[in-house]
Amino acid sequence: MPRILKINSAGTPGYFHLSFLLGFLAILLSISALAVILNIDRLREVRDDLIYDSKNHYLSCDELPTSEEVARVVSEHQEALQKIKQVNPGFVMVQIDTRTCPGRLDIVILYASHRDRVEIEKIINGYTFFGIPYRLINI
Numbered sequence: 000m001p002r003i004l005k006i007n008s009a010g011t012p013g014y015f016h017l018s019f020l021l022g023f024l025a026i027l028l029s030i031s032a033l034a035v036i037l038n039i040d041r042l043r044e045v046r047d048d049l050i051y052d053s054k055n056h057y058l059s060c061d062e063l064p065t066s067e068e069v070a071r072v073v074s075e076h077q078e079a080l081q082k083i084k085q086v087n088p089g090f091v092m093v094q095i096d097t098r099t100c101p102g103r104l105d106i107v108i109l110y111a112s113h114r115d116r117v118e119i120e121k122i123i124n125g126y127t128f129f130g131i132p133y134r135l136i137n138i
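Everything in the sequence shown is counted per numbering that gives the first Met the number 0, starting at 0 for the first residue and increasing by one.
Calculated directly from the structure, the hints in this document are not laboratory data.
Computed from a prediction, not measured in an experiment: that's the story for all the values here.
A couple of the hints might just be wrong.
Each computed DSBU-like pair below joins lysine-lysine, with the alpha-carbon atoms no more than 30 Å apart [to be verified]: (1) Lys121 <-> Lys82; (2) Lys84 <-> Lys121; (3) Lys54 <-> Lys82; (4) Lys54 <-> Lys121; (5) Lys54 <-> Lys84.
All chains should be built: construct the whole structure from the sequences, respecting the hints.
And the structure:
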């Protein structure tokens with residue numbers, strides 16, 4: 000198998016086998032393909048949670064509830080929404096996203112710290128806000 004010239008950190012030449020490089024690339028390609036096959040949304044969830052300290056539902060517009068459904072739930076659960084806003088007054092905001100998917104809505108909760116997120120998740124206590132998908136965004 001051919002060898003490739005490599006200069007090490009001391010500035011002296013050394014060699015490594017092409018088979019090592021090809022093996023490394025094959026492993027990297029396999030891991031990348033596996034990630035795509037398994038579930039890109041799961042990777043997004045991990046990224047959003049660990050890096051951005053946020054949460055998304057990743058639903059398509061067709062999967063979101065109608066504006067009437069959202070209006071009904073929001074009207075019926077004003078007390079819970081106020082409790083969420085009181086987690087950190089002035090720094091926690093609740094919005095209804097009407098722009099992304101016309102006629103189909105979700106709830107967006109903006110917050111300032113991980114502590115806020117933990118408290119908000121305790122209040123909601125589920126994957127939806129009384130059946131309405133929500134997103135948590137750390138601002």
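Checklist line | Violating hint indices (sorted, rising) | finding: none
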